[in-house]
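Each residue of the sequence shown is one higher than the last, beginning at 278 in the numbering used here.
One or more hints might be untrue.
Beta-carbon label-pair distances, calculated as ranges [unchecked claim]: (1) Glu456 - Met1069: 34 to 44 angstroms; (2) Ala441 - Pro580: 19 to 29 angstroms; (3) Val560 - Met1069: 21 to 31 angstroms; (4) Ser504 - Ile525: 28 to 38 angstroms; (5) Ser1050 - Val1014: 13 to 23 angstroms; (6) Leu1195 - Met1134: 21 to 31 angstroms; (7) Gly1129 - Asp835: 52 to 62 angstroms; (8) Glu1194 - Asp1240: 39 to 49 angstroms; (9) Leu904 - Arg924: 19 to 29 angstroms; (10) Gln986 - Val742: 50 to 60 angstroms; (11) Ser1047 - Ala789: 24 to 34 angstroms.
In silico BS3-like links for lysine-lysine, alpha-carbon gap of 25 angstroms or less [claimed, not checked]: (12) Lys1005 - Lys1215; (13) Lys1152 - Lys1107; (14) Lys1119 - Lys1107; (15) Lys675 - Lys516; (16) Lys1128 - Lys1152; (17) Lys1136 - Lys1005; (18) Lys1137 - Lys1005; (19) Lys517 - Lys579; (20) Lys1005 - Lys1128; (21) Lys1152 - Lys1136; (22) Lys1107 - Lys1005; (23) Lys1152 - Lys1215; (24) Lys1152 - Lys964; (25) Lys964 - Lys997; (26) Lys1137 - Lys964; (27) Lys1137 - Lys1152; (28) Lys997 - Lys1152; (29) Lys1036 - Lys1119; (30) Lys1005 - Lys964.
Honestly, the hints are just simulated from the structure, not real lab data. Predicted model, so just to flag it, every value in this text is computed and none were measured. Where a beta carbon is used, it is the ideal one built from N, C-alpha and C, also for glycine.
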Amino acid sequence: MVRACILALASEQSLPYHRSEEHALPAVLGRRHNFTASPAVRRQVKQEHARSIHETLTDTMSTQPLISASRFYQRWLDAAPERAAQVAQLVRAPLDGLDFAAALAEQSNAAMPPLPPERAMRRLRNLLVCGLIARDLGGQADLHEVVTAMTGFADFAIRTHVDAIMDEMVALHGMPVGEESGEEQALMVLAMGKQGGGELNVSSDIDLIFVYPEDGDTQATLPGQRSLSNHEFFIRMGKKLIAALAEITQDGFTFRVDMALRPNGNSGPLAASLGMVEQYLIVQGREWERYAWVKARAVTGKPEDIAALDAIVRPFVFRRYLDFGVIDAIRTMHGQIRAEVNRQERLHPDRSNNVKLGRGGIREIEFLAQVFQLIRGGRDAELRERSTRATLRTVADKGLLEPAIVEQLLGSYTFLRNLEHRLQYLDDAQTHTLPANDADRLVVAQMMGLPDVATLLAQLEAHRVFVAGQFDEMFSDKSSGTPPADTGIDPQTSNDCAASDQQEAIEARFAAMGFHEPAACARRLLATWQAPRLQSLPEASRTRLVALVNSALPLITDCSVSNGNASQLATLGRLLDFLEAIARRSAYLSLLTEYPHTLERVVRMVCASGWAATFLTQHPILLDELLDERIRNTVPDPAALALDLQRQLDDAPGDTERQMDILREMHHAQLFQCLAQDLAGDLSVEKLADYLSQLADIIVAATVQAVWQTLPARHREVPKFAVIAYGKLGGKELGYVSDLDVIFLFDDDDQEAPGLYAKLAQRFITWMTSHTSAGILFDIDIALRPDGASGMLVSSVQAFERYQSSAAWVWEHQALTRARFCAGDVSIGKHFERIRDTILRKERPENGPLKGEVVAMRKKMLDAHPPRPGSFDLKQDPGGMIDIEFMVQYLVLQHAAQYPQLTANSGNIALLRLCGELGLIDAGLAASVADAYRTLRKLQHQLRLQGQDLARVEPERVRVHADNVMRLWHTIFPATIA
278 MVRACILALA SEQSLPYHRS EEHALPAVLG RRHNFTASPA VRRQVKQEHA RSIHETLTDT
338 MSTQPLISAS RFYQRWLDAA PERAAQVAQL VRAPLDGLDF AAALAEQSNA AMPPLPPERA
398 MRRLRNLLVC GLIARDLGGQ ADLHEVVTAM TGFADFAIRT HVDAIMDEMV ALHGMPVGEE
458 SGEEQALMVL AMGKQGGGEL NVSSDIDLIF VYPEDGDTQA TLPGQRSLSN HEFFIRMGKK
518 LIAALAEITQ DGFTFRVDMA LRPNGNSGPL AASLGMVEQY LIVQGREWER YAWVKARAVT
578 GKPEDIAALD AIVRPFVFRR YLDFGVIDAI RTMHGQIRAE VNRQERLHPD RSNNVKLGRG
638 GIREIEFLAQ VFQLIRGGRD AELRERSTRA TLRTVADKGL LEPAIVEQLL GSYTFLRNLE
698 HRLQYLDDAQ THTLPANDAD RLVVAQMMGL PDVATLLAQL EAHRVFVAGQ FDEMFSDKSS
758 GTPPADTGID PQTSNDCAAS DQQEAIEARF AAMGFHEPAA CARRLLATWQ APRLQSLPEA
818 SRTRLVALVN SALPLITDCS VSNGNASQLA TLGRLLDFLE AIARRSAYLS LLTEYPHTLE
878 RVVRMVCASG WAATFLTQHP ILLDELLDER IRNTVPDPAA LALDLQRQLD DAPGDTERQM
938 DILREMHHAQ LFQCLAQDLA GDLSVEKLAD YLSQLADIIV AATVQAVWQT LPARHREVPK
998 FAVIAYGKLG GKELGYVSDL DVIFLFDDDD QEAPGLYAKL AQRFITWMTS HTSAGILFDI
1058 DIALRPDGAS GMLVSSVQAF ERYQSSAAWV WEHQALTRAR FCAGDVSIGK HFERIRDTIL
1118 RKERPENGPL KGEVVAMRKK MLDAHPPRPG SFDLKQDPGG MIDIEFMVQY LVLQHAAQYP
1178 QLTANSGNIA LLRLCGELGL IDAGLAASVA DAYRTLRKLQ HQLRLQGQDL ARVEPERVRV
1238 HADNVMRLWH TIFPATIA
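Produce the complete structure using the sequences and hints provided.
Now the structure itself:
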């Protein structure tokens, strides 16, 4: 056979030549250079060409037995002597970059008269498959080249035939035109399955769906044309396309075509309008169809029509919320597939070892990739990839699966797909099972580069065991681990009992589990269960809720012990409030069921903090954050966070509602990660405040830029606008529920600038404060702007400087000690810092009015918040945090002219220590007051976490700290009261 091939390769007839003796060069050269060569040149070119082909064949002679083991390849090669040379010429370069149009023309022109497109396409298909067999088994092509080449060819074949059929149909019936738009219509051919994902098999069928934009009629404008409805026109066109691709002729077929994925399956119309598709997906679309439509890709059609289809399909496939219910749906679908495969294997034992649908097979890897797409793709556009391999890599990049596990899955996927191809190389059959006879199994093993069948089976089993293990970890039924009915609490069964018997039975169960207040716990559970919201739930949701409650009860008793005997009743109440809030969102119930460790973390969180329980109840989407084991160890990366936020905003251009939600979701998720670390004791109050302030800066900066893009009258791409932070944000002491004290500055000479930047500021406030489905970002306080409530919303930098120099009150200069540039134009920020330094470093006489005005302002605040006997307000009362802040502000204003380092915005604790080092106050007392400030902040933070809005404690609890604060106060402000 090898000798015959060499002889064939040496023959001039082995490649299509120009028929002119004058141009007896290979066709490929003739197309590129239209010249007349001398006989000597022609002989040299032919000799070099033959030698090159001979060397190509010689290089692959060691793999020739493997290639020849393909019966399809051998039959095709033996049918015509010139084919060996054609393959040898083809395989010299990677086939995923093949020029299909040139290759098709070459096949067509190889005969006289030229072959019609359908015949030439079939011949090209066979040549391509044989070329891939040769390159793959010869070690020249990897999986990517094989599937990319086949996908590219399928796309090319569809486009080529659609163009030809469209011309033919329009000639007969006129151009189809939309009834409403009046636009010319074009067929959209959607590639589904592996073709849609760019991963087509060598012997696969192609799954297609035909869609056209809108109904109407064709415009018959020429004699003999007969008008058709658009619906009939595109159905006929679809039938012609299927015939062009799938009919078996003397040249074989191009692709088998499967239309079963279209709306209503085989009982539905062959082609559907966009309106029909939308109606079907909304009303009848099923879970398994979401899985199928993930890979839908338009091969033909106008860009605007494809965009309209995408707008219909995307919300059906990718839900805007995190859809953990898809885990159970895929589990059910996979169970049905496995049951059918098992049935087939029982009926036909020779069909065992199905590498696609069997246990641990290709389909399970695809499910593992697509479950993350269906859960999260609505919120993360990067997870909308159609390729299984690309999706798995994205899953690893996002930390949804361990990178090492993903690498193994990709390795198993490559092994299984390569094996699948070798099964199909034997006879060009669409098969996924190992052959029944030992001889073919040995051939397949050798094609895989393995010595024998035993080694093949061992490696196959290892890959399948690994894949099955990962699949089970994701999709196994977690609800099977809930307590049995005879040990758990089931408030549903008690509906038939008398109320007293019902409560006594549940109370006894609580007591048996070690609850301290079983009667109160029973009453609380029954009150929740009898609430109208839960009584109206579907039976499946009620059953799932009961299972979750029973799983949570032992966790509550454990958390109570580990949190210093925290109230079990309070924890149960918080958890029940949370479950009642999410009861109608089956996706959240699914999440807690599918990921039991998440329920455990929820219980720990609501046990530790009433505020955390309320926050989670308001934003249950944050359950997703508890899935990640790394939540306690994540260190914020501001640059990466800002880039990720900007990317998400850029993915929703023009969608104000979605962009506002993106900002809220990002902020809440990052805040929640801080909260988890805070409750675990991993963050100090100072470090937490730094993180929250940093997060607010990122959100403010992104919001300014996003809002600016919504202003149609903007005159520059980047606004000359800055946000200046005061108060808690300015001092980097932000808490979980702090509002933002800000002012707005601009530096722009454009005559429309004041009005434009005022509009920017107004919209910024709206974006921050509006309640959307994702909640709220921040309350905004702009009272510190020049002239307060009567002043302009935005100020030019020059106006701000004039105001601070000549018109600002002392209390406004006090506020300036904690002000800083937050976001926006950096040059404006630097200008602001220069103004701030100048104002704070002004000479102020030692016996001037400063001291009296600071004390007078403090007295006004005390009059507005008088002390209450028996309790101490950590913030407002004498000896509290405001006294400390006022003393620091006074020291900065009084002494910054002599000690400019005091103007550094380094926080009250650092400034107190600096004042002690400079001798402005007693260093030991300064350290004691700094400790007091730290302790008071920590106590305030702890009380806020327990849901107390007013931070009040028993006076004795902070007596020593308050006394130290008052000692320093009277040292700085003698003969005054605070």
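Numbered hints the structure breaks, given as an ascending list: 1, 3, 8, 11, 13, 15, 25, 26, 28, 29
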